[in-house]
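Just so you know, the sequences run in chain order A and B.
Okay, so the first sequence: first residue is 5 according to our numbering, each after it adds one.
Okay, so the second sequence: first residue is 3 according to our numbering, each after it adds one.
No wet-lab data here; the hints were simulated from the structure.
A couple of the hints might just be wrong.
[Claimed, not checked] Derived lysine-lysine pairs resembling DSBU-like cross-links, with alpha carbons at most 30 Å apart:
| hint | chain 1 | residue 1 | chain 2 | residue 2 |
| --- | --- | --- | --- | --- |
| 1 | A | K43 | B | K42 |
| 2 | A | K17 | B | K82 |
| 3 | B | K42 | A | K24 |
| 4 | A | K11 | B | K99 |
| 5 | B | K88 | A | K121 |
| 6 | B | K63 | A | K24 |
| 7 | B | K99 | A | K121 |
| 8 | B | K42 | A | K11 |
| 9 | B | K133 | A | K43 |
| 10 | A | K112 | A | K158 |
| 11 | B | K99 | A | K17 |
| 12 | B | K99 | A | K43 |
| 13 | A | K21 | B | K99 |
| 14 | A | K17 | B | K88 |
| 15 | B | K88 | A | K21 |
| 16 | A | K11 | B | K63 |
| 17 | B | K88 | A | K25 |
| 18 | A | K43 | B | K82 |
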Amino acid sequence: MIVAEQKPLNEIKSMLKGCKKVLAVGCGTCVTVCFAGGKQEVGILSASLRMSTDLDGEAVNIDETMVQRQCEKEYNAPLEADLEQYDAILSLGCGVGVQSLAQQFPGKRILPALNTKFMGYPAEHGVWEERCQGCGNCVLHITGGICPVSRCPKSLFNGPCGGSQSGICEVDEETECAWHRICENQLNLGLFDEMMEIQPAKDWSSARDGGHRRIVREDVRIPHDGKA
Amino acid sequence: MSATEKTFAPQIVAFCCRHCAYSAADLAGSARMSYSPSIKIVEMPCTGRANVVEILHALEKGADGVAVAGCLPGTCHYIKGNTLAKHRIDHVTELLKTIGLEQQRARMINVSAAMGAQFVAEFTNFVDTIKTLGPSPLSGETSNTRVGSQS
């Protein structure tokens, strides 16, 4: 899932300067699951902002609502009917959700309440770890199901660096060495010999380095010219 | 009673677990112990049910203080509801700091069902704390505009 966390309250308050009435919009998908932008968090943030701005003598009226998926315009469409009364929308969606609202409602100011962090996995309740960087060319089949791109700080492709100490990464003592885990998994799978094959330098053009990415699937695309 | 004898009467919401604090309040009443009528008890199945939004809403609507009263540590009927509630109260007090309200306006209290006297003592202490702080700035009132006859 996409993992996000709320911006500091004072940063959000500073975004609201000059606003009298704001609509806080949560998202019912990834950011609900990671407790950053679900119904509860919308309620907590809205109440906090109402109280704090009231105490500052610049009360902002904040209404609350939810959409199931802010990243899809069909779910956002019902918001349009009431938008006129608001000076801004405070989105508790990920960066995709914020941009979807901005694209869909170009005349309305959209403010981000969250910092979108990574695509991650809930390691335990309240703990999320990065698992994927969307590099565009998955290698998990040759790395024992452990991603060296997202889990090795150096994104190495041919074994651990000298900073691997007893399975722990030199960057952070709470971070496992991804390549230590890859070797362990390949041993368990009886595939350790495959590790001897040298992997060539990765082609990063499929990742962010290749610029803004886009996927077009003609098989599922709906023609807009009215022809079958 | 003259106006000068009147004292600030706080409004305090107490989310009480039915297995302990709520029963302790009953016990205190049965034993004819008195405690401040400022305390407005909301019965809950467990303090694990208390959530941050409800606590903030109480304060937003003008409550001067909010207490969550649960079982003694390690004795929750549902294993760890009171532990979770303590984490949430800690979170609320941090939020209050950033919001600009006094952190002492939210408190976790732990009593067993047999601790009627302790319930009275803990809440009397909380009421005293709130009286020292004065009315919540969100209540729109001052000590002079909201008075009562209770001690």
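Outcome of the hint check:
no.	hint	in the structure
1	K43/A <-> K42/B	holds (27 Å)
2	K17/A <-> K82/B	violated (35 Å)
3	K42/B <-> K24/A	violated (33 Å)
4	K11/A <-> K99/B	holds (16 Å)
5	K88/B <-> K121/A	holds (28 Å)
6	K63/B <-> K24/A	holds (19 Å)
7	K99/B <-> K121/A	holds (25 Å)
8	K42/B <-> K11/A	violated (34 Å)
9	K133/B <-> K43/A	violated (34 Å)
10	K112/A <-> K158/A	violated (41 Å)
11	K99/B <-> K17/A	holds (14 Å)
12	K99/B <-> K43/A	holds (23 Å)
13	K21/A <-> K99/B	holds (20 Å)
14	K17/A <-> K88/B	holds (27 Å)
15	K88/B <-> K21/A	violated (34 Å)
16	K11/A <-> K63/B	holds (25 Å)
17	K88/B <-> K25/A	violated (34 Å)
18	K43/A <-> K82/B	holds (24 Å)
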